[in-house]
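Chemist: Starting from the known structure of chain G, arrange chains U, L and E with the ligands on it as the hints suggest.
If you want the building blocks of each chain, they are given just below.
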Amino acid sequence: MDTTVQAAPKPSTPSEYKSGLKPVWCPGCGDFGVLNALSQVYHRLEFDPMNTMLFSGIGCSSRIPGYLKGYGFNGVHGRVLPIATGAKLANPELTVIAAGGDGDGFSIGTGHFPHTCRRNVDITYIVMDNNIYGLTKGQLSPTSPGQMVTTTSSYGSIENPINPIGLAIGCGASFVARSFAGDIKHMVDVICQGIEHKGFSFIQILSPCVTFVGKDQFGIIKNQVRYLNEVEGYDPTDRSHAFQVADETGQISLGVIFQHPFPEYRHGTEIVRQRLIKRGVPEMKDLIAKFRP
Amino acid sequence: MDTTVQAAPKPSTPSEYKSGLKPVWCPGCGDFGVLNALSQVYHRLEFDPMNTMLFSGIGCSSRIPGYLKGYGFNGVHGRVLPIATGAKLANPELTVIAAGGDGDGFSIGTGHFPHTCRRNVDITYIVMDNNIYGLTKGQLSPTSPGQMVTTTSSYGSIENPINPIGLAIGCGASFVARSFAGDIKHMVDVICQGIEHKGFSFIQILSPCVTFVGKDQFGIIKNQVRYLNEVEGYDPTDRSHAFQVADETGQISLGVIFQHPFPEYRHGTEIVRQRLIKRGVPEMKDLIAKFRP
Amino acid sequence: MGGDELNLGMVGSGGDGVMVTGETLVNAAAKKGMKCLMLKSFGPQIRGGEASCKIRMSSKKVSAPPDKLDVLLALNWNDYKRFGIELELSDGGVVIEDGHEGDEEPERSIVGAQPAKIYRIPLTEMAKETAGTKLAKNMVALGVLSGLFDLPDKEMQAALRKTFSRKSVEIIDNNIKAYEAGKSYAEDNLQVPSSMKLVIDESMLDKRVVMTGNDAAAYGALLAGCSFFAGYPITPSSEIMEWLSNHMPAYGGTMIQTEDEIAAMGMVIGASLAGAKAMTATSGPGISLMIELIGLASIAEIPCVIVNAQRVGPSTGIPTKSEQSDLLQACFGTHGDAPKVVIAPADVADCFDVMREAFFISEKYQLPVVVLSDGFIAQCKSSIHEPDLDKIRPWERARPKADEVSPADYKRYEITPSGVTWMSIPGKDPHLYRAAGIEHNEAGDPTSDFAEHERMNEKRYRKLEGVAAEVNFMRHYGPDDASLGVIGWGSSKGPIREAVEILNAQGLAVKALIPQVLYPLDTRQVYQFFESLDKLLVVELSYSKQFLNLLKAQLDLPDGTLHYGRSGGRPLAVYEMVEQFRKLLD
Amino acid sequence: MGGDELNLGMVGSGGDGVMVTGETLVNAAAKKGMKCLMLKSFGPQIRGGEASCKIRMSSKKVSAPPDKLDVLLALNWNDYKRFGIELELSDGGVVIEDGHEGDEEPERSIVGAQPAKIYRIPLTEMAKETAGTKLAKNMVALGVLSGLFDLPDKEMQAALRKTFSRKSVEIIDNNIKAYEAGKSYAEDNLQVPSSMKLVIDESMLDKRVVMTGNDAAAYGALLAGCSFFAGYPITPSSEIMEWLSNHMPAYGGTMIQTEDEIAAMGMVIGASLAGAKAMTATSGPGISLMIELIGLASIAEIPCVIVNAQRVGPSTGIPTKSEQSDLLQACFGTHGDAPKVVIAPADVADCFDVMREAFFISEKYQLPVVVLSDGFIAQCKSSIHEPDLDKIRPWERARPKADEVSPADYKRYEITPSGVTWMSIPGKDPHLYRAAGIEHNEAGDPTSDFAEHERMNEKRYRKLEGVAAEVNFMRHYGPDDASLGVIGWGSSKGPIREAVEILNAQGLAVKALIPQVLYPLDTRQVYQFFESLDKLLVVELSYSKQFLNLLKAQLDLPDGTLHYGRSGGRPLAVYEMVEQFRKLLD
Ligand SMILES: Cc1ncc(C[n+]2csc(CCOP(=O)(O)OP(=O)(O)O)c2C)c(N)n1
Ligand SMILES: Cc1ncc(C[n+]2csc(CCOP(=O)(O)OP(=O)(O)O)c2C)c(N)n1
Ligand code: SF4
Ligand code: SF4
Ligand SMILES: [Mg+2]
Ligand SMILES: [Mg+2]
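Chains as they are written, first to last, in the working numbering: chain G, 143 to 435; chain U, 143 to 435; chain L, 11 to 596; chain E, 11 to 596.
If we strip away everything but chain G, and leave its shape as in the complex, we get (with noise of 0.2 Å):
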C-alpha cells in the first residue's frame, strides 16, 4: 500500500458503514434486511472499506452496493462472479464479496457457479433469493416454485426449480449456507463466517419480493425454518447430510449447510510461483533469449 495516503477514518458504527444514498426498493423489501446486516457485517469485521469490493450484477438486488461505503460494482446481469474472482485474483489483499439476484446467478449466471465453486478463490457470493425477477417486473426465476403464475408463466410454470444449495454442494463449493433476510442477527452471523471462511463461500438468503410475489412471504418462511446450529448432532462437513438438507421439503433449514475446507485456489498459485523462483526467474527482458534462433 502507498505511504501516501491518507487514511480516511474508519466507519465505527454500522450505519455509518452506509453510503446514505437511498435504496430504491420498495418498502418491506427482504433487500432492506440484507443492507442492514451487511452494514453490521461491516463494521463486526472492522472492514476498512478502501480495502472492501463489493460487486454486483442487475437486478433489485443488485443495487446494494450503492448503499455501503466502499469500493463497489454494478455490473452487468449474469457476470458478478467472474468480475469479482478477477478482483480478487489481481489484487488478493481486498475482501471481496459478490451478491445479485437468483435470475441473476442463477439463471444468466448459471456457467460460472460451478466453475467459481471448483477453483476455490476466496471471495463470498451472496444471493438474495427472492423467487422471481424483481427489476424487470415479476418474471419466472429459476428458483419459482413449480406450478407458481409469473408474467411469462401464465399457466404456472411446468419447470422444476433448481435448487441453489443442493447444486453448490454438487458442484463441490467448500463452503454453502442459506440465511434468512427476517433473521438480521442469522444473516450477520452466517455472513461473518462466509466471510471468514478460507475460500469461496456462497450463502443463499431468502429475501423476500413483497410486490411480485407478496408481503406473506415472510410469515411463510418464518413458519418454516429451522436452525441448523439448534440441530443437534449436525455435522457441516458430513456431504451427505448436507445433499439430505438440500432436498428437505417443508422445512427449511438456516445456517451453514455445508462447509469442507480445502485449499484456495491462490494456495495453488503461490506453490507454483515459490517453485520457479526457486528454480530462478529471469530479469523480463532476458526471456528475449528464448527467441533466438
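You may find that some hints are simply not true.
[As the list claims (entries may be wrong)] 20 Å max Cα-Cα, derived DMTMM-like pairs, lysine to aspartate or glutamate: (1) E/LYS50 / L/ASP459; (2) G/LYS432 / E/ASP216; (3) L/LYS217 / U/ASP428; (4) L/LYS555 / E/GLU475; (5) G/LYS432 / E/ASP398; (6) L/LYS172 / L/GLU396; (7) U/LYS164 / L/ASP363; (8) U/LYS427 / L/ASP459; (9) G/LYS432 / E/GLU396; (10) G/LYS164 / E/ASP459; (11) E/LYS555 / L/GLU468; (12) L/LYS555 / E/GLU464; (13) E/LYS401 / E/ASP363; (14) E/LYS374 / E/ASP363; (15) U/LYS432 / L/ASP363; (16) E/LYS555 / L/GLU462; (17) U/LYS164 / L/ASP544; (18) E/LYS555 / L/GLU464; (19) E/LYS164 / E/GLU135; (20) L/LYS91 / L/GLU115; (21) G/LYS427 / E/ASP459; (22) L/LYS593 / L/GLU511.
[Unchecked claim] Derived Cβ-Cβ restraints for the label pairs, each shown as a range: (23) L/ASP419 / U/GLY356: 41 to 47 Å; (24) E/SER428 / L/SER428: 51 to 57 Å; (25) E/TYR471 / L/LEU572: 16 to 22 Å.
None of these hints come from the bench; they were simulated from the model. Note that this is a predicted model, so its numbers are computed, not measured. Glycine included, every Cβ here is placed at the ideal spot set by N, Cα and C.
Modeler: This is chains U, L and E with the ligands only, laid out in the frame that chain G set:
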C-alpha cells in the same frame, strides 16, 4: 407428415447408417468407438434418418454429425443443448440427440446444463469426455484431473475438475449414465436406454484423446472399470447411492448410475394446452378483441 | 393546442394513480375513434415511486409523442421537480393542481412557458367526499379534465369502467362518483377558452384498438405464423414474451423463458431448423449476448426473427428510456461477413406489419432478420387504427420438391442465382443434410478452401440483393420536388412527419424519407429521393452518428449533407424538428 | 526468385515432417541474420494429416508471405493436390520430388508455371541408408536444398541441432548424417543456375529472433506491465495464453483459463478495477461473446486490452485461415454508443509495439482497446529484427492525488476537458467509488436523466479525440507526391508495401498508407495522404467491404475511390497487389 414424401429406403445395417464422409479424427481416437456405437444404436432402434436430428457443438467430438445419416448440425462451441432443445420442442416427433466434448459441455456450455436437466425435455446428450481440448490442441479441460500439465497449465492444473456425473445428479437430471469408448457393446446398450428414457438423458462417454492425453488412456481406464449391472443390489433410483458412485475414486463405474422418472417437459405443456382448449380457443384473428378499448 | 389536439401531462407520487388515469384517457379517446398516445416515465424507485405521463390525443393523425403541454396536472409538485424537464408547458398552457384557492402557494418552478392559468382544485378533498378515499383523487382529476376540455363523457365513463373492471361494483361506483364530481366542478366553476376545447371530428370515427408496440409485435408475430418463441426478460421488450406466454399455448405454439439470451437464440435456431417459424425478443444487452448465434444463423442460413427494443446504451444504460444506438450493431455486430436484414418499425401500428415482413423475409431468404424497435414504440400505449388482419399471409419456406430433386442429389447449400436454396424439414422431407456454422461446401460439409469460401460469401450476400429489390418498405412525406429533405428512421418518424406537415402547411417545400429496411438499403429509392434536394439532413437519436455512418456505408450522400443527432433518453420532439428544418431554410 | 530472396514450398503427409523442416529453415535463416517467414497450412485431419508450408527468406526486407514459389519440395504428390492452389510455381521455378530418375513418372498437375526443372531425388532411400529410418527424408531434403541453393551450412546444422535438441545424441547425429547426405548429393549431382542461388548480404547481418505474432504479442504484453490474463482457448490466438501460462507466474502475474470468453472478459474487468493491467486474447467467436462486457468496460471506463486474432468468418468459419472481417464488429459491435479504440498490428514484429501502445492507450484513456491481429500474423513463424525492449515504458494509470482531491470530494466520473478522470485503486486509495454499467452521474450513481446521459456520452467520446491526436501510428510507403495511393490495414501491409516498392523501383509514383489506429482514425493524416492523389484504392480481405465502410464512416473519400477486396482464406499476394496497381495505372 406430408403425404407426398417418397420415403427413402431405411438403412439396413449399422454401417449403412454412416454418411460415408471420412472422419478427421486421429487414428485410434476414442471418438471412432462412439461413432461405431451410434451407428449400431441407430440400427438397433431402427431409426428413420429423416426423423433423426443429431446436434453438436465445436470440437473433435462435435464432428460426429457429419458421419451419420440423418439431419445434423455442427453448430458453435457450447450451445448444443439449447439448439437441440429448440428443435425437440418445435418438432416433438423427432428423435433428438446432442453430442459434444467435455469443453463444449462443461466449460463454455456449463450454463445450459442445469436448466436442461431441470426442464427434462426428451433429448439424449452424449458427452465424449477426453479430459482435454482436442481440436484446439491440448489445453486444460474442466474434466482434466488436478496437476495435469497441458499447454495452458504449464505447471500442472491447480483447479478441482468438474464431476459431470455428480453435477448431473445434483442438477436433478432424470437419467445419468457413463460408458467407455473402449466398449462398444456397453455404449450401445447405455445409449439405447438413454434414448428410450422419457425425458433428458445424460451420458458421459470416456473417449480417450490419443494425441494430447495419450494412447495409454484406454488401458488405464479399462483397468479401473466396473459394470454397475454386475454390481449386486445397485439401485439406480437411489439418489444418495448414485452420489457415492459419482464421488468414487480409484474405480470407474459404467452403466446407468441414476434414473428417476419424472414428468417430461412436454407433459406440462400438453396439460396446459388441453386445459385451454377445454376453455375454448378463439380464432387467432378474434384476439384483436382483446385490444378494443 | 386545443382545436384538433390536446397535449396533457400528469405527475404524481406512487399511489396517485397517474398511469391508471392516463390509460383511462387513452381508452376513452380510442372509444371515441380518436388517435392517442401515452408516454410513461418513472422515478428510480422499483415500484410505487413518483411517476409521470404525457398524453396526446386528436381526431386527426397523431404520430409523434406530445411535445409541450396544453395542460399539466400536478398531483404532487415535489414529484414535478424530477420530471419537469420532460413536462414542458406550452405558451398558453394551463395547470391543474390539488388544493384550495386561497391556500398558501405551493413551490412551483414550471418548465416552459408561464401558465396562462393555474386551476387550484380540491381534488383530494372531493375524492374523500365522494368516493370515501383520497385514492380516487385521480378520478376527480379525470372528471375535471373531462369537464374543462369537453371530453366525450360517455366514452370516459366506459373507459373508467374498463379500467376498474376487476374491482368490485362498489369501487367502480365510487370512482364514477369521483369522476362525476370532478366533471361538475369543472363545468360549474372553471372555464377555458373555447379554442382549447378538443374538437372531435365525428367523420373520423374509426375502428380503434389500444396497443403498445410490443403488443402489436407479439400479435403480428402470432398471425405471421410464428409458433416458437424463446426469450429472456428485459426492459423494454418483456411484454412481447409476456403476451405470447398468455396466447401462444392455446394455438399449439411454444413460448419458453430460457436461462439467458444465448439459450434463447440457440433454441430459436434449433426450432427453425426443425421447421418452425421462430423468434426472440430482447434489448441491447441481450442482443450483445446473441451476437455469436446470430452469426451462426447467417452462415448456416437459418430463418429467424430477432426483435430488439432498443434502450439507452451502452451496457445497462438507461433501461427505461429509448435511443437509436443499436443500429450499427444490428447491421455489423457479428464477426466475419455475416449478412442479415435489419428492419425498423416507425410507430406502434407499424410493429404489426413489420413482423409480417420480418417473417416473410427471413423465411424466404433464410437469414436472420433483426427488427429494430425502440423503447418508445415498444411501450407507448396508443390508440391506433385496427391493423389489417387480412394483409397477413404466412410465407411457407421453400422445400426441396420430391419430384424435382432426389434426396441423394439434394445439396442444402447449392449455389443458386438468387442465393436461396431449398431447405428441407426434418420429419417432413427425406432430403437429409447437415447444417454447419463452419464454412462448408454445397453439401454442407466443412471446407477450408478459400475459393469455396468466396463463393459461399457471394451466395449469402446475393440474398440481400433480392431483399433490397423485393421489399419496398420506405415512407415518404412531403412533395416529391422539395429541395430540402430529411432522412430518419424508426420512431423519429413521428416528429419528422409532423414537422414536414406543419411546414408544408406553411407553404415550405420540405420532404422526408423514412427507410424501414435499413440494411440492405434499397439505394435506388434513396437516390431518387435525393434528386430534388439542395440540402439533406440526417436525423437520429445516437450520439455517435450511427445512422449517418450506416447511410455512408451504403451510398454516397449529397455534398454538404447535414446531421442532427443527439443522445436518446427523451424522444425527438416535433418542435425540435421544426427548429432544425428552419435552421436549414435560413 | 533467387538473388536476394528464395521462395520455397513444401508439401507432405503426416509424418513427413514438413513443419519441422520449415522451422529448421527459419531458424537457420535467422541465425544468418536473414529475414524469413513461414506460412503453414493443414488438411482437415485434426493431427498427422497432410500439411504444407511456404517459406520466404531474404537478407533484405521480407514483409509479405511468399507469392509464387521458386522451389517446390513435394514429399508426396497426392497431398499436393489438396494444397496446389496455395502452392503456385513461378516462371523458372524448380521442383524437387522423392524418387529415382527413370522410375515411372508420378501424377503431377502443378499449379502455376511449368517447372524449369524437376529434380527426382531418392530422398527416402537416402534417409534409410544414412539415418536408418525413412522418417529422416525431410532432413535429406533439407540437405538437398542447402546444397542446391548454397544455403549457409553452419547455420543450417546449428538450426537442425536446435530442432532436435530434446532428442538423443544418436537421433541428432543420424539427422545430421541425412542432411549431409542430401547436401553432398545436390552438390555432386545437381545444379541450378547461379542466378537462383541466394545471395546473402553479410552487411545485413543482424540480431534476429524467431517469433510468431502471438509470441510477440504475449511478450510485448508482459513487458508492457500486463499482470493479469484471462482467456479461453481458440485458434489462432491460443498461443498467447499458452506462452503466458508458461511465463507469467514467475513474475507474480496471473494467467487463468476461464470457463468461457464471457468469464474471461469479466475477470479482466474485475482485475483492472482492482488495479491490474489486464488483457485477454481470442478470435471472432470469442469476441462475439465478449461484446456485452466490452460495452461495460466502455461505459464504466475500465482500462483493458482485448486481442482478436481474426480468422475466416462468419461463425466458426475457417478457424485456421486468416481474414479481415471482424473490423466493423471491433469498432461498432457493442450496443449503444460505446467508445473504444481499435488498433491493428501490420506484421509479426509489430505485435510487440502494438501491445505497448494498446496498454498505454487503455490505461491512459481508461477504455477498452481492441488489438485486431489476424491468423496470418498470429501464427506466422518469422525471423524478425529483435524488438526494441527499451521502447517499453509501462504507463501508470492516473490516480486521484491525496493532496489534490479529498476522498469526500472525489468523483470517479467527473466531467473533464479531456474526458479522462482520475481512477482510484482499491487498497491503495481512500477515494472510494462505485462503478456502474448503468448510466451514472459524476459520482457514479445511477441516473436516468437524459441531459446527464448526453454529457456522459460527450465525456466518453472526448477521450477518442485525445487518442486520435496523441497516438500517431500510421505507416507510409512510397513518395509523398505520388498520384496513385493505396490504403490498407493489418497484414495486408506486407504485400502492399512490397508492391509499392517494386513499382517505385520501376519509376512509378505510387504510395501507400497503413493506418494502425483504425478507430478513432487520425483523419488529418489521412487527408494529407489524399492530397497528392488522383486515384485512391482501398484494399482489404473482407467480402463485405468493411474497411471501406469504416473509412467512409470516419472521413470523406476522394471522388472515384476504388476498392479491391475479397474474402480471406489466403493472404493477399504481392503480385495480386501489383496487378491491382497496374490496372489503376492503365
Ligand atoms: C443481458 C441482460 N438480460 C436481461 C436483463 C434484464 N434484467 C435485469 S435484472 C433481471 C432479473 C432480475 O431478477 P433477479 O436477478 O432475481 O434480481 P431481483 O430483481 O429479483 O433482485 C433481468 C432479466 C439485463 N439487464 N441484461
Ligand atoms: C466461442 C468459441 N470459443 C472457443 C472456440 C475454440 N474451440 C473449439 S473446440 C474447443 C474445445 C474443444 O474441446 P472439447 O469440447 O473437449 O472437444 P474435443 O475436441 O476434446 O472433442 C475450443 C476451445 C470456439 N470454436 N468458439
Ligand atoms: S420489486 Fe420486489 S425485489 Fe424489487 S425492490 Fe420491490 S419488493 Fe424488492
Ligand atoms: S486430437 Fe485427440 S480427441 Fe481430437 S481426434 Fe485426435 S485423438 Fe481424437
Ligand atoms: Mg430475484
Ligand atoms: Mg475434450
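Chemist: Please go over all the hints and tell whether each is borne out by the structure.
Modeler: Outcome of the hint check:
1. E/LYS50 / L/ASP459: holds, 14 Å
2. G/LYS432 / E/ASP216: Status holds; Cα separation ~17 Å.
3. L/LYS217 / U/ASP428: Holds - the C-alpha atoms of U/ASP428 and L/LYS217 are around 14 Å apart, at most 20 Å.
4. L/LYS555 / E/GLU475: At roughly 15 Å apart (the allowed maximum being 20 Å), E/GLU475 and L/LYS555 satisfy the hint.
5. G/LYS432 / E/ASP398: holds, 15 Å
6. L/LYS172 / L/GLU396: Distance of about 19 Å is within 20 Å: holds.
7. U/LYS164 / L/ASP363: violated, 48 Å
8. U/LYS427 / L/ASP459: Outside the cut-off at roughly 50 Å; violated.
9. G/LYS432 / E/GLU396: holds, 12 Å
10. G/LYS164 / E/ASP459: At roughly 17 Å apart (the allowed maximum being 20 Å), E/ASP459 and G/LYS164 satisfy the hint.
11. E/LYS555 / L/GLU468: The hint holds at about 13 Å.
12. L/LYS555 / E/GLU464: The given pair, whose Cα atoms are some 13 Å apart, holds under the 20 Å limit.
13. E/LYS401 / E/ASP363: With a Cα-Cα distance of about 8 Å, the restraint between E/LYS401 and E/ASP363 holds, given a limit of 20 Å.
14. E/LYS374 / E/ASP363: holds, 16 Å
15. U/LYS432 / L/ASP363: Answer holds: U/LYS432 to L/ASP363 is near 18 Å, not above 20 Å.
16. E/LYS555 / L/GLU462: holds, 19 Å
17. U/LYS164 / L/ASP544: Given pair U/LYS164, L/ASP544 is violated - Cα atoms ~64 Å apart, limit 20 Å.
18. E/LYS555 / L/GLU464: This hinted pair holds, its Cα atoms lying about 13 Å apart.
19. E/LYS164 / E/GLU135: violated, 25 Å
20. L/LYS91 / L/GLU115: holds, 16 Å
21. G/LYS427 / E/ASP459: violated, 50 Å
22. L/LYS593 / L/GLU511: holds, 17 Å
23. L/ASP419 / U/GLY356: 41 to 47 Å: At 44 Å between Cβs, range holds.
24. E/SER428 / L/SER428: 51 to 57 Å: The hinted range 51 to 57 Å holds for E/SER428 and L/SER428, with Cβ atoms some 52 Å apart.
25. E/TYR471 / L/LEU572: 16 to 22 Å: The hint (16 to 22 Å, Cβ to Cβ) holds, given that E/TYR471 and L/LEU572 are roughly 19 Å apart.
Violated hints for the displayed structure, listed by number in ascending order: 7, 8, 17, 19, 21.
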